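K.L.:
Sequence:
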Amino acid sequence: MSEIAWPACRCDTANLIRTRDWSTSSLGPLQQWPGTLRILVEVVLRAPVGMALVWGDDRTLIYNDAYAAIAGGRHPRVFGMPVRDAWPEAWEDFNKPVHDACFAGEVQTFQDKHFVLDRDGTPKDVWFDLYYTPAVDEHGQVRGVLATVIETTARVCGEQQRRRQEEHLTEVNTSLDALRLKLEQANRQLAGDMDFLNELFRQAPSFMAVVTGPDHVFELANDSYLRLVQHRDILGKPVRQALPEVVEQGFVALLDQVYREGEPFYGQNVEVQLECGGGEAMERRVLDFVYQPLKDTNGEVCGVFIEGIDITEHALTEEWLRVAQEAGEIGTFEWYPATGQMKVSEAYRRLWGFDADTEITAELLVGRIEPSHRHLLGPSRLGNEDNPIAYAEYQIRRADTGEQRWLARRGQPVSGTLANQRRYLGVAYDITDRKRTEDNLRRAEAALRELNQSLERKVVLEETERVKAEDALRQAHKMEAVGQLASGVAHDFNNVLQIISSNLQLMEIDGMGELSASRVASAIAAVERGSKLSSQLLAFARRQPLQPVATHLGRLIGDMDSLLLRALGDRIEVDIQQPAGLWNVEVDRNQLENAILNMVINARDAMSGAGRLTISLANAALEDAAGDQVCLAITDTGCGMPPDVVQKIFDPFYTTKAPGQGTGLGMSMVYGFVKQSGGEIRIQSQPGQGTTILIYLPRSHGDVADAHVADDATVLGVGETILVVDDDAAVVAATTDMLASLGYHVLRAGDAQQALAVLQSGVHVDLLFSDLSMPGSVDCATLVDRCRDIAPHCAILLTSGHLPDKAIEAGIDLLPKPYSREQLARAIHQQLDIVAPALPSPVSPAGAALEKMPAGRRILVVEDDTDTRELACELLAALGHDARGSDSAEQALSVLNEREVDVLFTDLNLPGMSGIELAARAIASHPALKVILASGEGKAIQLPADSGIIVLPKPYDLLQLEDSIAHAAMPATTPLH
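Numbering (my numbering), first residue to last: 6 to 982.
Simulated from the structure, these hints should not be mistaken for laboratory data. Only a predicted model underlies this, so the values are computations on that prediction, with no experimental measurement involved. Be aware that one or more of the hints could be misleading.
Derived DEER-like restraints, expressed as beta-carbon distance ranges [stated by the list, open to error]: (1) Arg448 - Ala343: 19 to 25 Å; (2) Arg402 - Asn274: 44 to 50 Å; (3) Ala786 - Arg355: 52 to 58 Å; (4) Gln113 - Pro93: 48 to 54 Å; (5) Gly586 - Thr366: 49 to 55 Å; (6) Asp220 - Thr366: 19 to 25 Å; (7) Gln194 - Gly304: 51 to 57 Å.
Simulated crosslink set (EDC-like; lysine to aspartate or glutamate; CA at most 20 Å straight-line) [unchecked claim]: (8) Lys129 - Glu156; (9) Lys680 - Glu591; (10) Lys187 - Asp198; (11) Lys348 - Glu312; (12) Lys680 - Asp633; (13) Lys440 - Glu334; (14) Lys118 - Asp62; (15) Lys300 - Glu288; (16) Lys118 - Asp130; (17) Lys440 - Glu468; (18) Lys129 - Glu111; (19) Lys662 - Glu591; (20) Lys300 - Glu323; (21) Lys653 - Asp610; (22) Lys187 - Glu164; (23) Lys300 - Asp261; (24) Lys680 - Glu598; (25) Lys118 - Glu94; (26) Lys101 - Glu143; (27) Lys101 - Glu111; (28) Lys242 - Glu312; (29) Lys129 - Asp105; (30) Lys118 - Asp134; (31) Lys348 - Asp360; (32) Lys680 - Asp733; (33) Lys440 - Glu450; (34) Lys440 - Glu408; (35) Lys300 - Asp315; (36) Lys348 - Asp435; (37) Lys300 - Glu375; (38) Lys348 - Glu364; (39) Lys242 - Glu276; (40) Lys680 - Asp610.
Here a beta-carbon is modelled for each residue, glycine too, at the ideal position from N, C-alpha and C.
Throw the hints in and build the complete structure from the sequences for me.
P.N.:
Structural data, given as structure tokens:
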């Protein structure tokens with residue numbers, strides 16, 4: 006017979022026992038379970054109620070199908086698991102102490118024990134009756150616990166529901182008893198309430214009345230209303246009959262509107278005229294009231310309830326206060342800190358200059374107050390002081406006129422309409438006149454105290470301040486002053502070099518022996534070295550002529566690569582860093598290359614010929630510069646410089662090198678070039694840590710043009726006429742010879758005024774070649790403008806030893822001094838744009854006029870010095886003129902009215918009326934009169950270009966005097982402007 010599998014009962018938990026591998030558990034293989042355990046398991050499995058067996062030291066849990074329903078979602082996972090792991094949340098507080106007691110031989114019983122278990126995925130409240138009994142083995146030892154679990158949830162819930170229903174019924178009965186008592190009490194009080202309400206209505210401090218029907222018949226009126234209408238008999242009468250005076254004032258129409266539309270009407274500060282004294286007079290009253298519609302059960306308006314208060318006394322008080330405020334210009338305000346809202350009077354608005362439509366807020370007022378006084382304002386003191394608007398004086402700027410005024414403010418906190426609401430009331434008034442008086446008094450007192458101070462201390466203090474101011478001024482203008490000096494020296498030096506260079510070049514053209522040619526070449530080389538030195542001076546002075554073009558610094562550095570390597574030598578490592586997208590700059594390429602080479606050589610010397618030189622480029626935005634910048638940084642690893650050396654590094658002729666190893670103009674030239682290019686230069690250096698020079702140049706949005714190599718061939722002229730203008734006779738002579746050798750016809754002028762005379766004479770001039778800086782009443786800019794008017798087709802070329810103070814007109818080139826013969830030829834050719842040989846110049850009308858000039862002119866000499874006057878008359882007579890003298894301007898005007906005069910020859914400084922004023926009056930009365938002004942101040946006198954006055958500097962010789970008379974005799978073919 007086959008063996009029956011144990012356990013033999015047919016249930017799910019029995020099947021779990023049969024099918025599970027128990028060999029790894031603390032119970033061991035199923036076949037080795039002791040008989041006592043098997044019997045207890047059979048009892049548990051066959052029990053009709055939930056039952057479980059906890060067995061062994063691990064307290065393994067075995068239960069039946071009824072218990073599995075209680076385990077819910079934990080089954081079958083917890084079957085055969087230690088109780089500690091099966092129910093961890095109940096181990097410490099419940100299962101452990103219960104099981105410990107049972108293993109000690111005690112029986113544990115629990116009735117309606119509450120648990121929260123998972124039922125269908127939802128935690129639910131459940132209750133159980135629990136019975137725990139010790140289970141012993143065949144030796145009588147407690148080896149486990151039998152637990153019987155009977156769910157009592159339905160019974161417990163039923164009992165709870167029954168108790169709740171009983172409690173609710175008790176509460177309902179109690180409420181009904183209380184309600185009955187209240188109703189009985191209300192019925193007892195109802196009769197008395199009507200009497201109370203009637204008495205309350207009658208004694209109410211506000212006036213009240215009820216009118217009914219479309220005619221507004223008075224049904225009720227309290228004592229206050231009757232007092233208002235002088236105790237007239239109004240009950241039972243329509244308003245039109247009871248109070249006829251209010252009909253024309255519109256109050257009956259308002260009642261009609263409320264009765265018709267069913268909407269209340271609120272009136273504030275409404276004036277009404279009521280009869281008084283038996284109808285013999287009218288009394289003005291001011292009321293706040295409401296007309297409230299009364300509706301029946303159908304929602305139809307059946308009457309109007311009238312309620313309000315008489316505010317006549319309050320309105321009169323406000324009116325008196327308003328008049329007092331306006332008369333004294335005292336403004337009132339009401340401030341609510343929580344919202345910043347302010348309510349202000351009209352007088353307050355006038356104090357601040359605000360119109361009636363402007364919303365006044367605390368923030369708006371703060372913005373109109375002097376910033377140094379804002380700590381006195383309420384918002385600034387709020388939270389720090391009990392009264393933030395206590396008395397204070399501050400300065401404001403009126404909103405309408407911008408005028409600064411002084412105001413005084415005084416206020417105090419008051420209770421708000423809402424709980425914990427902060428509210429402040431105050432007044433403000435103008436104290437400007439008082440403050441001015443106080444300020445004048447303080448100044449007077451301060452002046453008095455100042456007079457009482459020690460004179461010695463005052464002198465010492467003033468002397469100290471003066472020295473400080475002078476030091477600061479000297480430091481501020483140091484570079485500019487030295488730059489102006491350098492510019493002047495360079496300008497004069499260039500003129501000297503121009504004369505030397507021109508004559509040397511002409512000597513080369515004329516031909517000479519081999520030895521002389523060698524010496525001339527050596528002299529020309531010396532001129533070129535002097536020109537470079539002059540250029541360095543002009544660069545520092547920011548007066549050198551520049552030719553800026555759009556330049557990419559990365560390409561420029563790349564083009565200089567071989568030059569830099571030769572200059573630095575093999576022992577210096579060069580690192581060039583440039584980012585992608587580097588901007589272009591507007592700069593003179595040649596001058597920038599010279600500046601870079603100068604700085605690189607300085608860096609080489611600082612590193613003693615060995616080290617690392619870094620040249621980095623980057624786009625930058627300098628804080629104190631307008632627009633984008635490109636930064637060129639040159640960093641060396643040399644010896645560095647202390648701060649006192651850095652401060653003087655840009656000074657001209659300052660050098661840190663040994664005598665004979667440097668001119669001291671290198672860094673000053675770099676400084677001037679960068680400044681002239683619109684950039685900035687900065688130096689970062691410390692002893693032993695090397696030096697970094699940062700150059701910032703303005704960004705250029707133009708495209709980089711290809712480099713153009715000029716043609717060195719000399720271009721000759723074909724007889725064109727060139728007018729040379731320069732105040733240096735040697736320069737004029739040298740330039741004339743050079744131009745003549747190039748094939749040009751040359752006219753000369755010693756200043757701009759003489760050049761204008763040549764142009765006005767009608768002589769044909771192809772090109773005006775003028776120095777940029779000349780003394781005299783007519784400057785170069787005026788000469789250029791007049792040349793445009795007189796000879797529109799005349800080309801213009803300017804020359805100078807330094808850069809002009811202002812920009813040159815577009816289309817006019819500047820030829821820097823000193824220049825070579827080839828440079829002069831190319832510049833003139835570029836301006837003339839020669840396409841065909843020019844015709845020979847016609848004979849000058851000026852020369853013809855001089856030839857035909859009458860030998861004798863009638864000249865009036867005005868000079869207060871007798872000897873000078875007589876000498877002038879003698880000179881003029883020697884020249885064949887009729888000259889007469891006058892010792893004052895007043896006398897000269899009389900002579901002009903008495904006899905004909907061709908030329909007025911007057912001194913500048915005369916007693917009484919000046920020579921310029923005399924000339925103006927004489928020309929005004931005698932337009933054809935010519936005027937020569939003799940001046941000991943040279944040609945520095947500023948006269949209008951169209952004045953027609955010829956300036957003759959003192960001392961003058963006979964030839965200069967004759968030239969002035971000749972210019973005065975020239976016919977003016979074109980009027981001066």
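K.L.:
Among all the numbered hints in the text so far, which are the ones the structure does not match?
P.N.:
1, 2, 4, 6, 7, 11, 14, 15, 17, 18, 19, 20, 22, 26, 29, 32, 35, 37, 39, 40
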